[in-house]
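Novice: Add chain V to chain X, keeping to what the hints say.
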Amino acid sequence: MNENVKQSSGHLYIRRILCYAVLVIFTVLCLFPFYILFVNASRSHVEIQLGFSMIPGTSFIRNWSNVVQSQTIHIFRGLLNSVIIAGLSALLSVYFSALTAYAIHAYDFRFKNAIFNFILIIMTIPTQISALGFVDLMTSMGLKETFIPLIVPSIAAPVVFFFMKQYMESSLPLEIVEAARIDGSSEFHTFNMVVMPIMKPALAVQAIFSFVTSWNNYFTPALILTKAENKTLPLWIAYLRSADFTKFDLGQLYMMIFIAIFPVLIVYILLSKFIVQGVAMGSVKG
Amino acid sequence: MSKTTTKHKKVSYAKWGYIFLIPFFLVYAVFSFIPMITTFYYSFFERYLDGLEEIGPTFVGFDNYITLFQNPDLLKYAANTVIMWVLGFLPQIIISLLFAAWFTNNRLKLKSGFFKIVIYMPNLIMASAFSMLFFALFANAGPINNILLKLGIIKESYHFLNTTAGTRGIVALMNFLMWFGNTTILLMSGMMGIDPALFEAAEVDGATPFQVFSRITMPLLKPIFVYVLVTSLIGGLQMFDVPQILTNGKGTPNRTSMTLIMYLNNHLFSENYGMAGAISVLLFIVTSLLSLFVFKSLMAQRK
Numbered sequence: 483m484n485e486n487v488k489q490s491s492g493h494l495y496i497r498r499i500l501c502y503a504v505l506v507i508f509t510v511l512c513l514f515p516f517y518i519l520f521v522n523a524s525r526s527h528v529e530i531q532l533g534f535s536m537i538p539g540t541s542f543i544r545n546w547s548n549v550v551q552s553q554t555i556h557i558f559r560g561l562l563n564s565v566i567i568a569g570l571s572a573l574l575s576v577y578f579s580a581l582t583a584y585a586i587h588a589y590d591f592r593f594k595n596a597i598f599n600f601i602l603i604i605m606t607i608p609t610q611i612s613a614l615g616f617v618d619l620m621t622s623m624g625l626k627e628t629f630i631p632l633i634v635p636s637i638a639a640p641v642v643f644f645f646m647k648q649y650m651e652s653s654l655p656l657e658i659v660e661a662a663r664i665d666g667s668s669e670f671h672t673f674n675m676v677v678m679p680i681m682k683p684a685l686a687v688q689a690i691f692s693f694v695t696s697w698n699n700y701f702t703p704a705l706i707l708t709k710a711e712n713k714t715l716p717l718w719i720a721y722l723r724s725a726d727f728t729k730f731d732l733g734q735l736y737m738m739i740f741i742a743i744f745p746v747l748i749v750y751i752l753l754s755k756f757i758v759q760g761v762a763m764g765s766v767k768g
Numbered sequence: 065m066s067k068t069t070t071k072h073k074k075v076s077y078a079k080w081g082y083i084f085l086i087p088f089f090l091v092y093a094v095f096s097f098i099p100m101i102t103t104f105y106y107s108f109f110e111r112y113l114d115g116l117e118e119i120g121p122t123f124v125g126f127d128n129y130i131t132l133f134q135n136p137d138l139l140k141y142a143a144n145t146v147i148m149w150v151l152g153f154l155p156q157i158i159i160s161l162l163f164a165a166w167f168t169n170n171r172l173k174l175k176s177g178f179f180k181i182v183i184y185m186p187n188l189i190m191a192s193a194f195s196m197l198f199f200a201l202f203a204n205a206g207p208i209n210n211i212l213l214k215l216g217i218i219k220e221s222y223h224f225l226n227t228t229a230g231t232r233g234i235v236a237l238m239n240f241l242m243w244f245g246n247t248t249i250l251l252m253s254g255m256m257g258i259d260p261a262l263f264e265a266a267e268v269d270g271a272t273p274f275q276v277f278s279r280i281t282m283p284l285l286k287p288i289f290v291y292v293l294v295t296s297l298i299g300g301l302q303m304f305d306v307p308q309i310l311t312n313g314k315g316t317p318n319r320t321s322m323t324l325i326m327y328l329n330n331h332l333f334s335e336n337y338g339m340a341g342a343i344s345v346l347l348f349i350v351t352s353l354l355s356l357f358v359f360k361s362l363m364a365q366r367k
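Going down the list, the protein sequences come from chains X and V. Residue numbering for the first sequence follows my numbering, beginning at 483 and increasing consecutively. Residue numbering for the second sequence follows my numbering, beginning at 65 and increasing consecutively.
Just chain V, same shape as in the assembly:
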């Protein structure tokens, strides 16, 4: 097909391109865009329920934002969210890099099919049910305490969910289990894109596996690594289901496992429109900035 003929033909069909885009943009406008704009709009108004009485809406400018930033809760919940994300992400990226390197290693020739299937599985499990399961497993008289007592590792049952470390640890463990398989597969497809000749050359030169990994694999894997990091961070900022169910929405103990979206959710349920709006705008700004990184890396790989 020569360029001129296709161009000529495509021009006459251009209207179909627009027609086929209508459902997407109509639905996006009604269910996402308009709600987003009204959310931003409400962030400049005072409107909440006082008992059964509705206060407002009154235009208050940036007052909601000032209240939000003056309240130490915001910083605390942001810190909780980031801490729990880091605790889950660090082991996840280390294990995933290791597994991806093993699975793609031409000399090791591991039979990886079964393992890939098993480690990806937790990703598809309903997070809320998985969280309820862990709540039951780590209960004071639950199976985990039972096992630890039987093995003589602890003398009396450990109250995981009454301690900050225990609760955050369980959230991180669940996030790790749910995402390390996915990350392994993403990193693998990145590693398989690397020219095998580079590995062969390194081997001939007598490079150790660690040298191969740090000098060849990692530098060439950087784009996909950045992609995994940023998408995981965006996902981490949305952390909700796991801590919400695990702590029954309370972020116990002492709100040390309360995340930003749980904070937003509380304002949504108490119908405090102004505060919910302000938190939403803040999250929008942060995730948009992060999204630009993702967009850039997608663009870079499409070229």
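So that you can see chain X by itself, here it is in the shape it has in the complex:
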């Protein structure tokens, strides 16, 4: 018996080392592209052309100021546009998704189940399939080259709604709502002052996801925004790609990709534990 335990614990030890070795390989695979991005964003065009290096260069500040001063690519204007669109989208998305989820969760009315099922069904239908009508309608409403078509639609976000609904089922007892009613609180007031504070963890997680989804969106903005002053970051990235690569200052090129990627990366590093929990929380349980 004792022999057996010893043998199996030795066996377990080897298995553990093997597991860690594989995990480390995939960690390197995940981090390597971002490390090269950082290294090359800090090197000059000539240094990058000379070949690959694992050691950061000294041109980080110079590449940065070259990008700032660029006459053709207004990457910081793009950054600002992206922040405005993604920020407002995230706010609208979490507030109205919580409101929609609350309507289904707290009230009993006819068609309640039908409406809930409807939202679940439209959840997986891609937005691209209505893009033609979307652009057509936005054009006739005079909303092309504005941020409205990129911000307002996030009010109807089925995925965020579903997450909020799941969260309410586990964390929002209706007794609290009843108690607020007895205290004479109006329904809308109850939602804002009693329900929303309870939803804070879910709101935070979904705000991050909504922000990132909007921040990364390339397909829809490309159809709506074409003027230089309106372009968001992904549109400038696409512009970079369409420019003549051979004539480009590679230091600046890497710096621009760096500017598009690192804000989200930093937010992620700060809030990663929270975010990973959020992914597991919103998932389907087996």
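A portion of the hints provided could be inaccurate.
[Stated by the list, open to error] Mimicking DSSO-like on lysine-lysine, the simulated pairs with C-alpha atoms at most 30 angstroms apart in a straight line are:
1. X/729 to V/214
2. X/729 to X/709
3. X/755 to V/173
4. X/755 to V/286
5. V/219 to X/682
6. X/709 to V/314
7. V/360 to X/594
8. X/729 to V/79
9. X/626 to V/314
10. X/594 to V/79
11. V/79 to X/682
12. V/175 to V/286
13. V/175 to X/755
14. X/729 to V/219
15. V/140 to V/314
16. X/626 to X/755
No wet-lab data here; the hints were simulated from the structure.
Specialist: Frame of chain X, contents of chain V only:
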């Protein structure tokens, strides 16, 4: 709270349920539903730009669909999309199952926090910028060729983006990197829902790790596995950002990395309403059928 009193009270508040649903449905109607219906409507009309002149709109019935199906492009792009999805999904599901099994194994007791954070990270990165990065990394004189030359693995730089295998491989690699962390976390939460007593019993009976995995974990994981598979396929059919940026919208070489949504996007930009509409309807039908599977699995787990 007894059932009768809540029912009685809720009835008087029912109108608030409807009122709170107004913003969602108003926005959904204007920005999604009406556009969807007009998209379907346009698919039955001939309307495109010939130079600066607009042709149509003329009602043509199913002509756009006939043109679409007679053109070999549709099948080619559908095949491209599925091939690149499969190339990314296979390694993704294998690695994710393995990692999820390791992370949830009570005997291994791995410290998984750090690894979960790292492998999920690429999921949040802007796909277009990530793609631009890979375009630069895999360029003919880029860092990857540099490393391979230095290590003596290749004699001269390999033109990844000039070959079908190279381009599809890079797209698949990126899709793998972006999604395997997410899939691992989803599968983990599924595995953690399995009764630990089953694993203990299997261990007492002397089952090997592989037997435990294939006889206990997999069968009980089936619902979430189906969910992951179908949502990934729906996502795969929408593949756009990565190949679009990587190939500058051309689907090079020889349109072997052109996906269905890139095809749609080209028609949108050339303002060929009829063809764009027909492709949209086709994608709608396919994704709706797949969505039913997702809906069923969501319903099953809520009961």
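Novice: Each hint: holds or not?
Specialist: Right, here's what the structure says about each hint:
no.: 1; hint: X/729 to V/214; in the structure: 26 angstroms, holds
no.: 2; hint: X/729 to X/709; in the structure: 23 angstroms, holds
no.: 3; hint: X/755 to V/173; in the structure: 19 angstroms, holds
no.: 4; hint: X/755 to V/286; in the structure: 27 angstroms, holds
no.: 5; hint: V/219 to X/682; in the structure: 57 angstroms, violated
no.: 6; hint: X/709 to V/314; in the structure: 22 angstroms, holds
no.: 7; hint: V/360 to X/594; in the structure: 18 angstroms, holds
no.: 8; hint: X/729 to V/79; in the structure: 63 angstroms, violated
no.: 9; hint: X/626 to V/314; in the structure: 25 angstroms, holds
no.: 10; hint: X/594 to V/79; in the structure: 12 angstroms, holds
no.: 11; hint: V/79 to X/682; in the structure: 26 angstroms, holds
no.: 12; hint: V/175 to V/286; in the structure: 26 angstroms, holds
no.: 13; hint: V/175 to X/755; in the structure: 14 angstroms, holds
no.: 14; hint: X/729 to V/219; in the structure: 26 angstroms, holds
no.: 15; hint: V/140 to V/314; in the structure: 14 angstroms, holds
no.: 16; hint: X/626 to X/755; in the structure: 39 angstroms, violated
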